[in-house]
Amino acid sequence: MPDLVTTAKTDVVLVGAGIMSATLGALLCRLQPDWSITLVERLDAVAAESSDPWHNAGTGHSALCELYYTPQRDGAIDIAKAVHVNEQFQVTRQFWAYAAENGMVSDVRSFLNPVPHVGFVHGAGCVDYLRRRWQALVTNPLFADTEFIDDADEFARRLPFMAAGRDFSEPIALTWAPHGTDVDFGALATQLIGYCTGRGMTALFGYEVRGLSRQPGGWALRLRNRRTGENRKLIARFVFVGAGGAALPLLQKSGIDEVKGFAGFPVAGKFLRSRRPSLTRAHRAKVYGLPAAGAPAMTAPHLDLRIINGQPWLLFGPFAGWSPKFLRQGHVTDLLRSIKPDNLIAVLGAGVSERKLAGYLIGQLRLSKPAYVNALREFAPSAVASDWETMPAGQRVQVIRQNKCSGVLEFDTTVLAAADGSIAGVLGASPGASTAVSSMLEVLQRCFADRYPSWLPTLTEMVPSLGTQLSREPALFEQVWSWGTKALGLESGAEAGVSPSAQPTAAARWAS
14 MPDLVTTAKT DVVLVGAGIM SATLGALLCR LQPDWSITLV ERLDAVAAES
64 SDPWHNAGTG HSALCELYYT PQRDGAIDIA KAVHVNEQFQ VTRQFWAYAA
114 ENGMVSDVRS FLNPVPHVGF VHGAGCVDYL RRRWQALVTN PLFADTEFID
164 DADEFARRLP FMAAGRDFSE PIALTWAPHG TDVDFGALAT QLIGYCTGRG
214 MTALFGYEVR GLSRQPGGWA LRLRNRRTGE NRKLIARFVF VGAGGAALPL
264 LQKSGIDEVK GFAGFPVAGK FLRSRRPSLT RAHRAKVYGL PAAGAPAMTA
314 PHLDLRIING QPWLLFGPFA GWSPKFLRQG HVTDLLRSIK PDNLIAVLGA
364 GVSERKLAGY LIGQLRLSKP AYVNALREFA PSAVASDWET MPAGQRVQVI
414 RQNKCSGVLE FDTTVLAAAD GSIAGVLGAS PGASTAVSSM LEVLQRCFAD
464 RYPSWLPTLT EMVPSLGTQL SREPALFEQV WSWGTKALGL ESGAEAGVSP
514 SAQPTAAARW AS
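One rule links them: number in the numbering used here = place in the sequence shown (from 1) + 13.
Worth double-checking, as some hints may not be accurate.
Stated by the list, open to error - Listed below are the simulated SDA-like cross-link pairs for lysine to any residue, each with C-alpha atoms no more than 25 Å apart in a straight line: (1) Lys338 <-> Ile269; (2) Lys273 <-> Gln458; (3) Lys499 <-> Ser119; (4) Lys283 <-> Pro337; (5) Lys266 <-> Glu455; (6) Lys266 <-> Arg289; (7) Lys417 <-> Gly362; (8) Lys94 <-> His135; (9) Lys417 <-> Glu271; (10) Lys266 <-> Gln342; (11) Lys246 <-> Asp47; (12) Lys246 <-> Leu217; (13) Lys353 <-> Gln415; (14) Lys273 <-> His344; (15) Lys273 <-> Gly230; (16) Lys382 <-> Arg289; (17) Lys273 <-> Ala462; (18) Lys246 <-> Arg350; (19) Lys499 <-> Ala488; (20) Lys283 <-> Lys382; (21) Lys283 <-> Trp335; (22) Lys338 <-> Glu455; (23) Lys266 <-> Gly242; (24) Lys266 <-> Leu361; (25) Lys353 <-> Ser226; (26) Lys273 <-> Asp425; (27) Lys273 <-> Val345; (28) Lys22 <-> Thr210; (29) Lys94 <-> Ala308; (30) Lys266 <-> Asp47; (31) Lys22 <-> Arg464; (32) Lys246 <-> Gly213.
Stated by the list, open to error - Computed beta-carbon distance windows for the label pairs: (33) Ala149 <-> Gly211: 43 to 51 Å; (34) Ser399 <-> Arg144: 32 to 40 Å; (35) Asn416 <-> His344: 27 to 35 Å; (36) Arg459 <-> Gly268: 17 to 25 Å; (37) Leu357 <-> Pro184: 42 to 50 Å; (38) Gly213 <-> Leu357: 41 to 49 Å; (39) Pro487 <-> Gln45: 32 to 40 Å; (40) Asp57 <-> Lys22: 42 to 50 Å.
No wet-lab data here; the hints were simulated from the structure.
The model shown is predicted, which means the values in this text are computed figures rather than measured ones.
Note that beta-carbon positions come from the ideal geometry of N, C-alpha and C, so glycine has one too.
Please take these sequences and the hints and turn them into a complete structure.
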């Protein structure tokens, strides 16, 4: 192995060129323009793993249509998770509006498009659930614009592709949120990283982090160029690990106490996709159903309009798969190497408690394209197999958290940070990228507690509702929503994939 040939010092290292690192880098460039930042990415491009638009659903999770965020408990609808997820997305949306007004992103419509978010069910019992869910949510200002629809003619008017060939003798219902969006997190990450490099951030592509070790005042990172074999050493005061599925092994390499007991379970996926114009014209929404009985929440089927590189597509899925890799371009030994003495009990405990999940995955692995199309026909009875192709989705690593003498599999996003604030990372998946700003604000608060108070005025410019629950402040919600809608060109009548004619200028938006 070649000797280390290059040693450099930097204030901050961002590991991974996805939406999490891009967001944190952009925040730090505004807060501390004098700090040196180095981005390290093992692949040769920005957002080539989980943030790639083909590797995620692009929903911009805000709980408007994701029915699994509102479970029934003892016959009542629990909306706490839905409200929390929506609050997080409101924070993200405000930051995007600030970024648009301040030149941090140059082309909003390349990453953000207006697409209604729709919940869909059929059968009398499910219709009753959806109606009660809507009644529980619609009194909250974050969900006040949502409609409940159980009329067949209105269903057909709004969702022609799903109505074609449907037997409407079975009860059906929709919840329709007109202010949903489709998000290309890859395009957004590219613009934010471009903003950072334009302000002095160094980007090292094709370099893999092979080692992390503490040293006085920070961390030493050992890097290796995957193409040339060149070795580098970086000395950093702060390290953020935003490397998707690879975050857990890298945090384990650091040896911090906070990661002990955590493990990960990799889940792969597939979608059907179509770009046939007659279909994309007839389905202008993201429509989510209920997960199958016994299936995990993240597997809820959905039929989505996507806008990628300015072109409309339809995606349907996900269909689960499995691989021991923690990244699509990872290693088959990833899972095995992540099992340590401190997380073995959690892994074994989760294996016992998640037998239904294992059975579900085995069943999914047996499915072929005809079975995928049959599943699609529950949403769109007239679907024709030749209009659709199968494509792989991104690799996800679900968090396994130790719980007493067992392990619990979590379908959520978790921020881990060392007690001294010198290193942090993000684990988990959904709602994932949609919470990037909330998660990175948590990183700033936990890792830079001494500086955070002095950053608050700037952060409040970026996120005017910072520290406030908008669901309890309807007047403030209306102000920041209206501002964000204008800044992002999402006014009523805006078409998906059409760039705003001009960016609005900043204005005095709220009274003190």
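We went through each hint and held it up to the structure:
1. Using a Cα cut-off of 25 Å, the hinted pair Lys338 and Ile269 holds, with the two alpha carbons roughly 23 Å apart.
2. The straight-line distance between the Cα atoms of Lys273 and Gln458 is roughly 22 Å, inside the 25 Å bound, and the hint therefore holds.
3. In summary, the hint linking Lys499 to Ser119 is supported, as the alpha carbons are separated by about 15 Å, within the 25 Å threshold.
4. For the proposed pair Lys283 and Pro337, the alpha carbon gap of about 16 Å is at most 25 Å, so the pair holds.
5. With a C-alpha separation of about 22 Å, the suggested pairing of Lys266 with Glu455 holds against the 25 Å cut-off.
6. Taking the CA atoms of Lys266 and Arg289, the gap is near 47 Å; set against the 25 Å cutoff, the hint is violated.
7. Pair hint Lys417 plus Gly362 holds up; C-alpha atoms about 10 Å apart against a cutoff of 25 Å.
8. Straight-line distance between C-alpha atoms of Lys94 and His135 comes to about 23 Å, which keeps the hinted pair within the 25 Å bound.
9. For the hint linking Lys417 to Glu271, the alpha-carbon distance of about 16 Å falls within 25 Å, and the restraint holds.
10. Between Lys266 and Gln342, the direct Cα distance comes to roughly 20 Å. Compliance with the 25 Å bound is thereby established for this hinted pair.
11. With a C-alpha separation of about 22 Å, the suggested pair Lys246 and Asp47 falls inside the 25 Å cut-off, and the hint holds.
12. Between Lys246 and Leu217 the CA atoms are separated by roughly 12 Å; this keeps the pair inside 25 Å, and the hint holds.
13. Of the pairs offered as hints, the one joining Lys353 and Gln415 holds, with about 13 Å between alpha carbons and a cut-off of 25 Å not exceeded.
14. Of the supplied pair hints, the one linking Lys273 and His344 holds, its CA atoms being roughly 22 Å apart against a limit of 25 Å.
15. This hinted pair checks out: Lys273 and Gly230 have alpha carbons roughly 22 Å apart, not beyond 25 Å.
16. Among the hinted pairs, Lys382 with Arg289 is consistent with the structure: their alpha-carbon atoms are about 18 Å apart, no more than 25 Å.
17. Taking the CA atoms of Lys273 and Ala462, the gap is near 23 Å; set against the 25 Å cutoff, the hint holds.
18. As the CA atoms of Lys246 and Arg350 are separated by approximately 24 Å, the hinted pair is consistent with the 25 Å bound.
19. For the proposed pair Lys499 and Ala488, the alpha carbon gap of about 17 Å is at most 25 Å, so the pair holds.
20. This hinted pair checks out: Lys283 and Lys382 have alpha carbons roughly 10 Å apart, not beyond 25 Å.
21. Under the criterion of a C-alpha separation no larger than 25 Å, the hint pairing Lys283 with Trp335 is consistent with the structure, at around 10 Å.
22. Only pairs whose Cα atoms come within 25 Å are accepted, and Lys338 paired with Glu455 is rejected, the gap being roughly 28 Å.
23. Distance hint between Lys266 and Gly242 is fulfilled; the C-alpha atoms sit about 21 Å from each other, no more than 25 Å.
24. Of the supplied pair hints, the one linking Lys266 and Leu361 holds, its CA atoms being roughly 22 Å apart against a limit of 25 Å.
25. Distance restraint check for Lys353 and Ser226: the Cα-Cα separation of roughly 18 Å lies within the 25 Å cut-off, and the hinted pair is therefore satisfied.
26. With a CA separation close to 18 Å, the supplied pair Lys273 and Asp425 stays within the 25 Å bound.
27. Pair hint Lys273 plus Val345 holds up; C-alpha atoms about 22 Å apart against a cutoff of 25 Å.
28. For the hint linking Lys22 to Thr210, the alpha-carbon distance of about 17 Å falls within 25 Å, and the restraint holds.
29. Annotation: proposed proximity of Lys94 to Ala308 holds, straight-line Cα distance about 19 Å (limit 25 Å).
30. Among the hinted pairs, Lys266 with Asp47 is inconsistent with the structure: their alpha-carbon atoms are about 29 Å apart, more than 25 Å.
31. Proposed proximity of Lys22 and Arg464 is supported: the alpha carbons are some 21 Å apart, at most 25 Å.
32. For the hint pairing Lys246 with Gly213, the CA-to-CA distance comes to about 19 Å; that is within 25 Å, so the pair holds.
33. In this structure the hint that Ala149 and Gly211 lie 43 to 51 Å apart at CB holds, the actual value being about 46 Å.
34. In this structure the supplied range 32 to 40 Å holds for Ser399 paired with Arg144, their Cβ-Cβ distance being about 37 Å.
35. With their beta carbons about 28 Å apart, Asn416 and His344 fall inside the hinted range of 27 to 35 Å.
36. About 19 Å separates the C-beta atoms of Arg459 and Gly268, a value consistent with the hinted range of 17 to 25 Å.
37. In this structure the hint that Leu357 and Pro184 lie 42 to 50 Å apart at CB holds, the actual value being about 49 Å.
38. Hint check: Gly213 to Leu357, Cβ distance near 44 Å, so the stated range 41 to 49 Å holds.
39. One distance hint, 32 to 40 Å for the beta-carbon pair Pro487 and Gln45, holds here, with the actual separation near 35 Å.
40. For Asp57 and Lys22, the hinted distance range of 42 to 50 Å is not satisfied, since their beta carbons lie about 25 Å from each other.
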